[in-house]
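**Student:** Sequence:
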Amino acid sequence: MQHRYDPATIEPRWQAYWKAHRSFRAIEDPSKPKYYVLCMFPYPSGAGLHVGHPESYTAVDIVARYRRQRGYAVLNPIGFDAFGLPAERAAVREGRHPREIIEENIVTFTRQLERLGFSFDWDRCVDTSDPEYYRWTQWIFRKMVERGLAYLAKVPVYWCPAQKTVLANEEVQDGVYVETGDPVERRTMRQWMLRITSYAERLLEDLESLDWPENVKEMQRNWIGRSEGAMVTFAVADAPGLSFEVFTTRPDTLYGATWCVLAPEHPLVEAVTTPERAAEVSDYVARARQRSDMERVVAAEKEKTGVFTGAFAVNPANGERIPIWVADYVLVTYGTGAIMAVPAHDERDHAFARTFGLPIVEVVSGGRDVQAEAWTGDGVAVNSPLIDGLAVEAAKARITAWLEERGLGRAKVQYKLRDWLFSRQRYWGEPFPVVFEPDGSIRLLPEDALPVPIPELDDFRPTEDCQPPLARATDWIEVDWDGHRCLRESNTMPQWAGSCWYYLRYMDPHNDRLPVDAAKEAYWGPVDLYIGGVEHAVTHLLYARFWHKVLYDVGLVHTKEPFQRLFNQGMILAFSYRDAAGKYYHPDEVEQRGDVFVVRKTGAPVEAQIEKMSKSKRNVVDPLEIVDRYGADALRMYEMFMGPLEQVKPWQTSGVQGVHRFLQRLWRLVVDEETGGLKPAVGDHPIPRDLGRALHLTIRETTEGIETIRLNTPISRMMEFVNLATGRDRVPREALRAFLAVLSPYAPHIAEELWERLGLPGRAADGPWPAWDPAMLVEDLVEVAVQVQGRLRATLQAPRDLPRPELVERAKAHPNVVRHLEGKVVVREIVVPNRLVNLVVRPG
RNA sequence: GCGAGAAUGGCGGAAUGGCAGACGCGCCGGACUUAGGAUCCGGUGGGGCAACCCGUGGGGGUUCGAAUCCCCCUUCUCGCACCA
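Each residue of the first sequence is one higher than the one before, counting from 837 in the working numbering.
FYI, nobody ran anything at the bench for these hints, they're computed from the structure. Beta carbons: idealized from backbone N, C-alpha and C, even for Gly. Certain hints may be false.
Distance condition first, Cα-Cα at most 25 Å in a straight line; then the derived BS3-like pairs of lysine-lysine [unchecked claim]:
| # | residue 1 | residue 2 |
| --- | --- | --- |
| 1 | Lys1419 | Lys1385 |
| 2 | Lys1385 | Lys979 |
| 3 | Lys1451 | Lys1485 |
| 4 | Lys1396 | Lys1356 |
| 5 | Lys1453 | Lys1419 |
| 6 | Lys1140 | Lys979 |
| 7 | Lys1252 | Lys1396 |
| 8 | Lys990 | Lys1252 |
| 9 | Lys1385 | Lys1356 |
| 10 | Lys1053 | Lys1396 |
| 11 | Lys1396 | Lys1385 |
| 12 | Lys1648 | Lys1660 |
| 13 | Lys870 | Lys1385 |
| 14 | Lys855 | Lys870 |
| 15 | Lys868 | Lys855 |
| 16 | Lys990 | Lys1000 |
| 17 | Lys1451 | Lys1419 |
| 18 | Lys1396 | Lys1419 |
| 19 | Lys1053 | Lys1248 |
| 20 | Lys1485 | Lys1053 |
| 21 | Lys1248 | Lys1385 |
| 22 | Lys870 | Lys1396 |
| 23 | Lys979 | Lys990 |
| 24 | Lys1437 | Lys870 |
| 25 | Lys1485 | Lys1448 |
| 26 | Lys1053 | Lys1252 |
| 27 | Lys1356 | Lys868 |
| 28 | Lys1356 | Lys979 |
| 29 | Lys1485 | Lys1419 |
| 30 | Lys1000 | Lys979 |
| 31 | Lys1385 | Lys1252 |
| 32 | Lys1485 | Lys1453 |
Derived DEER-like restraints, expressed as beta-carbon distance ranges [said to hold, decoys possible]:
| # | residue 1 | residue 2 | range |
| --- | --- | --- | --- |
| 33 | Tyr853 | Arg1401 | 27 to 33 Å |
| 34 | Met1025 | Arg1349 | 34 to 40 Å |
| 35 | Ser1079 | Asp1295 | 50 to 56 Å |
| 36 | Asp1295 | Val1315 | 36 to 42 Å |
| 37 | Gly984 | Lys1396 | 19 to 25 Å |
| 38 | Pro1480 | Arg1349 | 23 to 29 Å |
| 39 | Arg1501 | Arg1401 | 16 to 22 Å |
| 40 | Asp1508 | Gln1633 | 33 to 39 Å |
Let's have the full structure, built from the sequences with the hints guiding it.
**Tutor:** Encoded structure:
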């Protein structure tokens, strides 16, 4: 057994070959169609790869190798999202520089990725923290400033005290920072903002042209949150010149507005409040400010709170005086921070009316008692002199036009999307290419001043008075500019910045004049297939689309959208074992006894569950351990064999054994394990019918599977082919050639090795991709199911395409069918050619 | 609460109107060898062990025929959640 299948020998050999020959370099070739396939690049964490990473990389690699074999010029790049908080925290903890930590991690990641046999073009590897990369991130930011898309503003922000930094809306969920779970609070700070809202309409519209999962598109639509309505001006009664605007999607219900509400943070609250109500109002506002948004929502679900200001507004429709309240169910961050309350036709206003005993006036007739319940459906306007009798849509149009004529309102499209908070109080990020003049004005640094480098520091923590870490770099932060003593910006960009455009840099990674050359972008763009986790549905994918559109306007890119087709892989979970006290055990410490799991040493019972892989749950599976035991080809195949790519699925190392056995069987089909030479059975034999059919089924399933990203079922076909070929005394070389060609994207090492041993021309990785022959898929003898009354009673062998009457005759002649037809009359004969006969009977 | 998706053997899954459970794991039996986290062969939805019956979360419907289409319900997953 000297020559058994040994991935540990053959895999490094081919990896070295690919590396030495730079086999997977992407080369622009106008004579070839291009294909750009991209996986979301990793953050190089200290933990290294886990088996979740290779899932999307393998899928991407299969598509890339397949396209190469089909003659495409393929761009399949990889890089590192190297800025960000974890390295900075590790740096503080370990007293080292984040760059040093990241560089180490990148070396580890690179070695691990190379060991998995991915066909990345390593010459194009990018690192977002490299000055030659972030120089262009800063360049793009300059364009944003020039176009008025970046601005400084005092804004209410989420502040994370534990991390001493602000966070974007998308990074905060349920009142905590999604990455770390630290609680956040509201603060008002002067921060850089990006005007993503001015792209809201285009971001929404262009979704239609994308081949993306519907749920991701829907998430982006919800996040952008377009709604049509009207702005309506309410004058404050007895206060000449004082007024406020509200946004409403239901201007048709204006007559039903029986009070108005200002958000606690609304600028007019103080001005309108009457002296006798001042104490109560300021008390309420102060309490509201202290509570987080989350606390407000939770509290408001039970009972709405609010306080009357003592002031009144004038309903522009009927001139009635209606009270102005302050309540925290109105958000200062949406619309104008003020609303008109129509309790009869809005559930929140209805709840508020019931709590405070405010009047409810029906203005849309919906056949329900609006005193008991808000009616939000369609109906006819009532109690509304200007629009009585009109249906909702017509009423909206009429009243909006009426308001517009009088300068009291106008039609308006409102978005939930808000401008993107773009500063962070961090060390390990891109510095802003701006300085502040002594008078506080902003000065954009010229292009030739880029990159603005990150200053060297040895303490990366924020200062005691909560200044960002860069404030410690005193000789960096003060700079002479045209004889002015200016100050640099001490904030840095968020981690998202680098990932907003990396897919462009891959097209031209060493360009020192531009982020990307126009001709190269014209060739490679857009990304044809982008694979990554769904967790980026509204963060990275929305930000990158926004930047891309800006760059489209700048003239740097020629497509409106960066990623034509998107595919989300499902997360890989793993079994974890926890005892009654909540302590987790490593799978190696646990064994199964009957139906229960126990700790090997102590015999104590543990609960097995399937969870997200994490260090604390002790269930992280290291892909290199799998590679050491079974090889990279087996790992790659198992990752795909587990189930549909988009599905969440649990890792089971025992399953790798199955594909490993398959690869061994394949090996033995070709290689004599005793001699190391070819098996004597292998030769230039004609391909027998049954084997040819299995082969062409495999080719078809693999081709269609890769096109539609259904990568699991082709492996079953490959197994069937090998099982069928095993043990034959004649194994046709020609069949093996086609089989290895379709296996190659999945298991490139063994495919290449056997290709060479068979003496086939060229390399498996170069194809060509075989075509399947439909004629090979049909069988001469088919198995036909015979049913009586839809129940299976017999199966019979019949020649393919046997005429219908003969087939029915044979079916009726089958002894078991005869038995079931006894005493019955056949009233209908249903025949599905080559598959099934169903005899419908009734008592005779 | 609203929206989307899902539910199939002991497990991962296959079949998208035509023989449910392909392929693999696990399990059972055997071979080789003798202790391997190895390999090979056979079996494996449940009941009867034959005929046959039951079976794709539950209930109803359409159809000659339903895992697949329609209606109702249950459970789970994901997303959104005072957005006026």
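**Student:** Each hint should be assessed against the structure and marked as holding or not.
**Tutor:** Okay, the hints, checked on the actual structure:
1. Lys1419 x Lys1385: violated (49 Å)
2. Lys1385 x Lys979: Between lysine 1385 and lysine 979 the Cα gap is close to 12 Å, so the pair holds against 25 Å.
3. Lys1451 x Lys1485: Answer holds: lysine 1451 to lysine 1485 is near 19 Å, not above 25 Å.
4. Lys1396 x Lys1356: holds (16 Å)
5. Lys1453 x Lys1419: Judged against 25 Å, a Cα distance of about 9 Å means the pair holds.
6. Lys1140 x Lys979: At roughly 45 Å apart (the allowed maximum being 25 Å), lysine 979 and lysine 1140 break the hint.
7. Lys1252 x Lys1396: Holds, at roughly 23 Å.
8. Lys990 x Lys1252: holds (19 Å)
9. Lys1385 x Lys1356: holds (18 Å)
10. Lys1053 x Lys1396: holds (16 Å)
11. Lys1396 x Lys1385: holds (6 Å)
12. Lys1648 x Lys1660: holds (12 Å)
13. Lys870 x Lys1385: It holds: about 22 Å lies between the C-alpha atoms, which stays within 25 Å.
14. Lys855 x Lys870: holds (22 Å)
15. Lys868 x Lys855: Within the cut-off at roughly 23 Å; holds.
16. Lys990 x Lys1000: holds (18 Å)
17. Lys1451 x Lys1419: Roughly 13 Å between the alpha carbons, so the hint for lysine 1451 and lysine 1419 holds.
18. Lys1396 x Lys1419: violated (51 Å)
19. Lys1053 x Lys1248: Between lysine 1053 and lysine 1248 the Cα gap is close to 24 Å, so the pair holds against 25 Å.
20. Lys1485 x Lys1053: With Cα atoms ~23 Å apart, lysine 1485 and lysine 1053 stay inside 25 Å; holds.
21. Lys1248 x Lys1385: holds (24 Å)
22. Lys870 x Lys1396: Holds, at roughly 18 Å.
23. Lys979 x Lys990: holds (22 Å)
24. Lys1437 x Lys870: violated (57 Å)
25. Lys1485 x Lys1448: holds (10 Å)
26. Lys1053 x Lys1252: Measuring from Cα to Cα gives roughly 16 Å; hence the hint holds.
27. Lys1356 x Lys868: Holds - the C-alpha atoms of lysine 868 and lysine 1356 are around 14 Å apart, at most 25 Å.
28. Lys1356 x Lys979: holds (21 Å)
29. Lys1485 x Lys1419: Given that 25 Å is the threshold and the Cα spacing comes to 24 Å, the pair holds.
30. Lys1000 x Lys979: Status violated; Cα separation ~29 Å.
31. Lys1385 x Lys1252: OK: lysine 1385 and lysine 1252 at ~20 Å, within 25 Å.
32. Lys1485 x Lys1453: holds (17 Å)
33. Tyr853 x Arg1401: 27 to 33 Å: Holds, since tyrosine 853 and arginine 1401 (Cβ atoms, about 31 Å apart) stay within the stated range.
34. Met1025 x Arg1349: 34 to 40 Å: Since methionine 1025 and arginine 1349 have Cβ atoms about 36 Å apart, the given range 34 to 40 Å holds.
35. Ser1079 x Asp1295: 50 to 56 Å: 52 Å Cβ-Cβ, so the 50 to 56 Å window holds.
36. Asp1295 x Val1315: 36 to 42 Å: violated (21 Å)
37. Gly984 x Lys1396: 19 to 25 Å: holds (20 Å)
38. Pro1480 x Arg1349: 23 to 29 Å: Roughly 44 Å apart at Cβ, these two residues miss the hinted range, so it is violated.
39. Arg1501 x Arg1401: 16 to 22 Å: violated (35 Å)
40. Asp1508 x Gln1633: 33 to 39 Å: 37 Å Cβ-Cβ, so the 33 to 39 Å window holds.
In terms of the numbered hints stated before, the structure departs from hints 1, 6, 18, 24, 30, 36, 38, 39, listed from lowest to highest.
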